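Read left to right, the sequence shown gives residues 72 to 383 (the working numbering).
Take the hints with a grain of salt, since some may be wrong.
[Unchecked claim] Computed cross-link-like contacts, DSBU-like style, restricted to lysine-lysine with a CA-CA straight-line distance of at most 30 angstroms:
(1) Lys137 - Lys171
(2) Lys137 - Lys271
(3) Lys255 - Lys271
[Unchecked claim] Quick list of simulated restraints, FRET-style, between CB atoms:
(4) Arg77 - Tyr352: 43 to 49 angstroms
(5) Trp329 - Asp195: 48 to 54 angstroms
(6) Gln180 - Thr104: 29 to 35 angstroms
(7) Arg77 - Val267: 28 to 34 angstroms
(8) Gln353 - Ala142: 27 to 33 angstroms
(9) Pro248 - Gly107: 27 to 33 angstroms
(10) Trp329 - Ala141: 53 to 59 angstroms
(11) Asp186 - Ala165: 48 to 54 angstroms
Bear in mind the hints are in silico, worked out from the structure with no lab data behind them. Quick caveat, the model's predicted, so the values are computed rather than measured. Yeah, the Cβ is synthetic: ideal placement off N, Cα and C, and Gly gets one too.
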Amino acid sequence: PMEEARTFLRGSDSILILHFALGSDDGIELLRTCPGRKVFRYHSVTPPEYFEGINQGYLEGCRAGKAQVAALPSLGIDLFLPDSRFCSEELVAAGVPAEKCCVVPPFHQADLLEDVEADLRELDRWNDGSVNLLTVGRVAPNKAHSILIDTFAAYCHLYDECSRLLVVGSLDPNLLPYYDRLQKQARRLGVESRVVFTGKVSLAALKAHYLAARLLLVASHHEGFCVPLVEAMRLRIPVVGYACPGVRDTIGDAGLLWDEADPVLLAASVHRVESDQSLAYQLAEVGWNRYAARFSNRRVEECFLEALGGVL
């Protein structure tokens, strides 16, 4: 693949758009050697310390990624396209000129999610009268599932012992120690039978989980951009959670978010939204309007092409 890429990019009229979220020696080499215009699509690199004691390969990959970001100003890159303001601030902190950065959200499947028919078997499975809380995304340490489980346990014990937490997202075999910790935590807190890890699901099943949920719960401590929030806004699902910078950049004022990841506070917020239909409706409508104004794929395409106009 590298030889094919070099051949394809050998002309001075070529354009390289490199997506970056993990250390990549090949990617950096292409940036060094490409004679044409170079665009760096930055999704943020997860801080390596999240993988300490869990997976050495990911730890080293993220560490390498951080080091490579620090070297970007010397590579003659024409344009930087960070996913969010947070990602842009990371690049500027590494020495990238702010005038070379243009925030462009990532493309996503939220429009497809709206159009697809929900998996009715999954919908029937979860629509059994229980209050379903949903979290969506890869099961990885930076997503802070331990906070989610603590929050859910507090919600069960304080408000609704028959509720359920649906954890929808891929279970990476390289992160099994993390998954094992979460299962032990749920068992210790007495909520193991109410916390469901679904693994990766189809688009139709994902829609069913959204439609069966009262709200989307987030506690991630690091996000360059949070795509599940876009999906929730598109489907008018209210959002509750912790506002790390990438989450705040995505959701704005369209969620009930806090600057501290206090499980009791988050549980109380879940109860407030779940029990107040007017508030839930208001959050859902503000979210949908934010999606339409900023994050529809048509709007993202406009932003992307406008940004590229400076180097084409």
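Hint check results:
no., hint, in the structure
1, Lys137 - Lys171, "holds, 19 angstroms"
2, Lys137 - Lys271, "holds, 28 angstroms"
3, Lys255 - Lys271, "holds, 21 angstroms"
4, Arg77 - Tyr352: 43 to 49 angstroms, "violated, 54 angstroms"
5, Trp329 - Asp195: 48 to 54 angstroms, "violated, 34 angstroms"
6, Gln180 - Thr104: 29 to 35 angstroms, "holds, 34 angstroms"
7, Arg77 - Val267: 28 to 34 angstroms, "violated, 47 angstroms"
8, Gln353 - Ala142: 27 to 33 angstroms, "violated, 46 angstroms"
9, Pro248 - Gly107: 27 to 33 angstroms, "violated, 43 angstroms"
10, Trp329 - Ala141: 53 to 59 angstroms, "violated, 32 angstroms"
11, Asp186 - Ala165: 48 to 54 angstroms, "violated, 39 angstroms"
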